Amino acid sequence: MGAGGLIGWNAVARAMPDGYTLLTTEMSFTIAPGLLPELPFDGYKDFAHIITVAAAPNVLVVTPHLPVKTVQEFIALAKAKPGAMYYGSGGNGTNTHLGAELFNSAAGIELVHVPYKGAGQVLTDLMAGQVQALVTSLSTVLPHIRSGKLRALVVASESRSPLLPDVPSAKDANLPGFHMNFWVGFAAPAGTPQSVVKTLNQTIAAAVNTPNGRHRFAELGLTPVTDTPEQATEKVESEIKRWSHVVKSAGVKPD
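Per the numbering used here, the sequence shown starts with residue 1, numbered consecutively.
Don't read these hints as lab results, they were simulated from the structure. Treat the numbers as computed from the prediction; the structure is a model and nothing was measured. Accuracy of the hints is not assured; some may be wrong.
To be verified - Derived lysine-lysine pairs resembling DSBU-like cross-links, with alpha carbons at most 30 Å apart:
1. K248 - K79
2. K241 - K149
3. K81 - K69
4. K198 - K248
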């Protein structure tokens with residue numbers, strides 16, 4: 001999450017609650033409260049959460065230079081070479097950082113963190129074998145998996161992804177706790193009338209579920225997942241609590 005994102009979130013939190021100022025939310029929105037306790041807004045109380053529009057599981061990918069074909073082989077290799085296996089991230093406290101720490105915890109290993117100043121260089125170095133692993137959204141790396149430049153070992157969800165049916169889920173791989181979806185939603189300032197929130201929910205859901213909308217999300221590696229304002233609110237609250245716990249447990253500090 002960058003300074004621009006924080007400024008935008010704060011601006012929406014303080015905007016007129018008339019339904020004309022909306023915020024695009026995603027996973028980093030629920031990570032920020034645990035990582036940055038001095039935020040000038042409350043991610044739960046200062047927003048009226050409208051809807052979740054799309055989601056995609058995160059996935060563990062490795063460089064094809066590694067002599068592993070399965071996640072079990074990767075874990076065994078990491079245990080055999082403690083301190084010699086590295087994962088890249090887009091920086092301290094980012095989705096990619098916390099996702100890999102979640103995998104470390106689930107797998108009982110300690111991949112070493114290499115923070116970058118953005119995701120682009122991570123992918124370049126991963127494909128070249130400079131770092132060995134990355135946990136990121138499937139939509140980010142799907143083209144590289146399909147081209148053979150990266151190898152997908154496990155999807156961070158209860159079930160397999162229809163986009164990668166041959167890659168095991170965390171449940172298949174016996175990695176309890178390694179569940180992490182990238183998602184996109186919309187929110188308005190707190191105090192927005194419920195009638196307005198309901199209308200926005202219905203209008204956005206209708207647009208998402210058109211053939212064109214579903215096709216566009218599929219091109220991006222995302223699955224349309226529309227829900228109610230109540231469900232969206234519950235998800236955000238639950239995710240804030242979850243990521244606050246992960247940040248604390250892993251000792252993650254922002255840059």
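Here's how the hints hold up against the structure:
In summary, the hint linking K248 to K79 is supported, as the alpha carbons are separated by about 24 Å, within the 30 Å threshold. This hinted pair does not check out: K241 and K149 have alpha carbons roughly 36 Å apart, beyond 30 Å. For the suggested pair K81 and K69, the alpha carbons sit about 17 Å apart, so the restraint of at most 30 Å is met. Annotation: proposed proximity of K198 to K248 is violated, straight-line Cα distance about 36 Å (limit 30 Å).
This entry does not satisfy hints 2, 4, going by the numbered hints stated previously.
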